[in-house]
Amino acid sequence: MSVRIAPEPVVVDELITETAGRLFGELCTHEAVQAAEDSGGAPDIWEAFCETGFDLIAVPEEAGGSGGTLAEAIEVLRLVGYHSAPIPAAENGILGGWLLAQAGLERPDGLVTVVPPRAADGGWSGGETCSVSLNGDGTAVLSGEAHRVPWARSAETVVCVCEFDGTSTVVSVPASECTITPLPNMAGEPRDTVSFDGATGRAAPAPHGVDADALAQRGALSRVALMAGAIEKMCQLTVSYTNERVQFGRPVARFQAVQQHLVWAAQDAALVRMAAEVAAREATRGDAPFEIAAAKLVANQAAARATKACHQAHGAMGMTQEYPLHHFSRRLWSWRKEYGSDAHWSAVLGQMATGVGADGLYPLITSGTAALA
Amino acid sequence: MLTADGIRAALDGLLERRTDQTRLTSMGAGSDDLDDGRAYLAATVEGGWHVPTWPSAHGGRDASVAENQLIGSVLREYVVPDLYPFAIGLGMVGPALLAHGTAEQQERWLRPIASGAEIWCQMFSEPEAGSDLANVALSAERDGDVWRLGGQKTWTSRAMWSKWAICLARTDPEQPKHKGLTMFVIAMDAHGVDVRPLRQMNNDAHFSEVFVDDAVVSDAWRVGDVGEGWRVAMTILSHERAGAGSRGGGDGAKRGSRVPTWIADLAALGALDDPVGSHTVRRDEAMSIYAADMASRWTAQRAADEARSGGSPGPAGSGAKLRTVSSYKRRAFLANRAAGAAGMLEDGHGYIETVTAPSMSIRGGTDEIQRNILGERVLGLPGEPRLDRDVPWRESRKGLL
Ligand SMILES: Cc1cc2nc3c(=O)[nH]c(=O)nc-3n(C[C@H](O)[C@H](O)[C@H](O)COP(=O)(O)OP(=O)(O)OC[C@H]3O[C@@H](n4cnc5c(N)ncnc54)[C@H](O)[C@@H]3O)c2cc1C
Chain A
1 MSVRIAPEPV VVDELITETA GRLFGELCTH EAVQAAEDSG GAPDIWEAFC
51 ETGFDLIAVP EEAGGSGGTL AEAIEVLRLV GYHSAPIPAA ENGILGGWLL
101 AQAGLERPDG LVTVVPPRAA DGGWSGGETC SVSLNGDGTA VLSGEAHRVP
151 WARSAETVVC VCEFDGTSTV VSVPASECTI TPLPNMAGEP RDTVSFDGAT
201 GRAAPAPHGV DADALAQRGA LSRVALMAGA IEKMCQLTVS YTNERVQFGR
251 PVARFQAVQQ HLVWAAQDAA LVRMAAEVAA REATRGDAPF EIAAAKLVAN
301 QAAARATKAC HQAHGAMGMT QEYPLHHFSR RLWSWRKEYG SDAHWSAVLG
351 QMATGVGADG LYPLITSGTA ALA
Chain B
374 MLTADGIRAA LDGLLERRTD QTRLTSMGAG SDDLDDGRAY LAATVEGGWH
424 VPTWPSAHGG RDASVAENQL IGSVLREYVV PDLYPFAIGL GMVGPALLAH
474 GTAEQQERWL RPIASGAEIW CQMFSEPEAG SDLANVALSA ERDGDVWRLG
524 GQKTWTSRAM WSKWAICLAR TDPEQPKHKG LTMFVIAMDA HGVDVRPLRQ
574 MNNDAHFSEV FVDDAVVSDA WRVGDVGEGW RVAMTILSHE RAGAGSRGGG
624 DGAKRGSRVP TWIADLAALG ALDDPVGSHT VRRDEAMSIY AADMASRWTA
674 QRAADEARSG GSPGPAGSGA KLRTVSSYKR RAFLANRAAG AAGMLEDGHG
724 YIETVTAPSM SIRGGTDEIQ RNILGERVLG LPGEPRLDRD VPWRESRKGL
774 L
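Order-wise, the sequence lines are chains A and B. When we follow our numbering, the leftmost residue of the first sequence carries the number 1, and every step to the right adds one. When we follow our numbering, the leftmost residue of the second sequence carries the number 374, and every step to the right adds one.
Read the hints as simulated data drawn from the structure, not as lab findings. Some clues are possibly wrong.
[Said to hold, decoys possible] With a straight-line cut-off of 30 Å between C-alpha atoms, the simulated DSS-like cross-links for lysine-lysine are:
1) K233(A) to K308(A)
2) K552(B) to K771(B)
3) K702(B) to K308(A)
4) K552(B) to K233(A)
5) K552(B) to K536(B)
Model, not experiment: these values are computed from the prediction.
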């Protein structure tokens with residue numbers, strides 16, 4: 001008989017939630033978020049964020065980070081989404097900071113961004129045409145073009161994962177070596193084209209388990225956290241608006257047709273938050289490909305439903321720039337396409353399910369990644 | 374007798390034929406162009422081709438329902454631009470003037486609508502009167518031969534391009550809310566009319582707040598009797614719902630081709646390539662939308678023809694609007710999805726449609742309101758209790774009965 005030992009609980013320090021929540025609550029006003037969209041960045045918000053040390057949370061202290069767990073970093077990202085904070089928190093910390101630390105590459109000063117990796121189906125890669133060549137002295141030359149690189153225009157360093165001679169390699173190049181064409185996503189967040197054309201940087205082989213797939217998972221987890229926060233806030237906005245908005249002599253929230261929208265949105269908010277927490281907890285303990293794939297799929301689908309419900313319940317007010325609903329809905333429409341679409345993660349989950357066979361399906365559902373071993 | 378070839382012979386000299394490359398905007402999304410629509414209307418007004426059922430004296434050609442249908446189907450072979458800027462005049466005010474207007478009003482306003490010379494807007498919604506349209510507060514008080522109007526409208530699309538507005542006003546606050554309303558035409562350049570555009574989340578600034586401060590309107594510009602404003606408004610709204618996008622812009626096919634441009638674009642993206650792989654879902658969805666579109670086009674055409682031949686489309690228009698809206702939203706979503714990750718960008722395929730789509734089920738009356746209308750008027754289901762029906766508006770406006 002085997003004895004199952006309960007895993008260590010993963011706890012997020014409440015102080016983190018409180019401090020980050022307060023910071024964003026003060027800085028990320030509707031006007032500040034709109035201004036960041038118009039100018040392509042919010043350096044003052046980023047600076048205040050860095051002062052708290054949250055920019056490098058979950059990056060080990062030996063590698064110049066602030067320490068803390070992945071689950072804590074994910075909680076901060078949830079709050080970034082909740083407040084639509086216009087900052088590259090995911091890229092700089094748990095994606096870029098993680099890659100550099102894993103490969104033992106030095107972390108230069110200033111903002112780090114990451115090229116989204118190539119997906120198995122090639123469908124959502126940022127760097128589909130990039131290639132790297134290594135010199136003997138640890139320098140690397142990159143060529144090609146990477147698309148939809150978050151906040152590249154404000155970054156000092158661009159990091160990517162490339163295959164070289166069958167080995168996964170982390171490459172870090174100064175942004176000044178690249179040509180960057182600014183492009184906005186649907187929410188006006190920078191998703192720039194980076195053209196390398198012989199850009200020279202540093203390279204190091206990545207340790208086992210750090211490769212394009214692992215980056216894809218971590219990236220997906222970061223998006224799930226952002227989406228969980230955004231859906232939650234969108235849902236709260238909708239509940240308060242419909243309780244205040246009076247038509248036909250009563251708040252519109254009293255109409256059952258409107259209540260149904262509110263219920264959809266509330267269910268989706270709860271669902272995605274739970275998916276984000278479970279995936280973050282498992283990823284903090286070890287590998288979590290199943291939980292992350294499931295969470296991103298759930299978040300993508302919930303985003304489609306919840307944005308529809310919240311917009312419908314708001315009427316024309318939600319269509320205007322002066323009312324904040326669109327900060328959340330447009331971000332959700334963009335994030336659902338980033339680090340893997342519904343089709344991508346459905347296929348990944350499908351492969352896992354068929355891989356374990358009929359007898360393995362139920363254990364996969366109840367135990368997740370642990371059942372894949 | 375009017376034949377398809379006869380119509381083509383007349384139109385060939387005036388308009389370009391559609392080709393595989395023809396792409397047009399829909400409902401003005403992402404476009405501020407007035408010129409294409411104006412040139413098209415100016416070219417077709419002599420023959421009365423765009424509003425065939427209108428009297429020939431006013432820009433139409435006295436066409437029968439059957440002729441109108443034939444002309445409509447031939448027009449689809451030509452480049453008919455997105456007529457969004459002109460839609461209120463062509464689709465709503467025109468028919469309302471034909472139903473409720475005086476001979477003098479028809480004479481003054483119809484032809485410049487048909488020729489594209491004058492743009493109209495619809496001043497119905499107010500901050501406190503959205504779905505509850507009968508709650509409008511903008512007041513009109515009689516002063517001899519004129520009326521003095523004061524109050525605020527909002528979400529007024531096209532106001533900044535408009536020469537005229539059709540404006541629903543409260544003439545008797547002592548009557549219950551549906552009864553004390555009257556419809557007026559107001560000149561947008563009149564003293565006391567102030568238009569302040571609002572930016573939308575798709576970045577268009579196509580609707581505005583309109584502030585009206587003691588603007589003077591001649592009694593000759595009243596449409597319908599005093600106190601009959603709600604009836605006129607219902608005529609206008611049923612035309613709006615039935616006609617949503619019925620002619621011009623968006624899709625259409627070149628002659629002999631049955632494939633609408635949105636499907637051709639999906640195919641060009643490769644989204645329909647693989648019948649069994651991960652793209653199957655998209656092929657299935659595309660064909661399901663296409664089938665629903667064909668069914669609703671015929672139904673909408675029937676409703677629109679009833680409307681143009683003088684009758685009001687009534688609740689059929691609500692059904693048509695629900696279907697048109699659902700199709701627009703599904704197509705937007707599918708197109709954007711087919712673009713993959715590149716669809717997240719502001720210049721991505723399906724971007725403007727995706728950020729415009731949520732407004733479709735709100736403007737012209739929300740989906741919920743259309744379903745209420747169908748439930749009550751077609752199925753005869755009991756309505757929500759209405760506590761404000763028989764109370765003077767001055768009382769009911771205080772809200773929370
Ligand atoms: C792009 C755009 C263009 C527009 N252009 C014009 C224009 O040119 N002229 C003009 O006059 N107006 C225009 N409008 C306004 C439009 O007519 C209103 O937005 C619409 O009637 C809904 O009103 P509202 O926005 O105040 O929503 P609300 O009435 O506040 O509705 C909020 C929510 O409550 C629901 N609800 C309300 N009442 C009920 C009920 N009885 N039963 C069930 N659910 C209910 C609604 O369906 C919606 O989901 C435009 C709107 C948009 C978005």
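Hint-by-hint comparison with the structure:
{"no.": "1", "hint": "K233(A) to K308(A)", "result": "15 Å, holds"}
{"no.": "2", "hint": "K552(B) to K771(B)", "result": "17 Å, holds"}
{"no.": "3", "hint": "K702(B) to K308(A)", "result": "10 Å, holds"}
{"no.": "4", "hint": "K552(B) to K233(A)", "result": "41 Å, violated"}
{"no.": "5", "hint": "K552(B) to K536(B)", "result": "28 Å, holds"}
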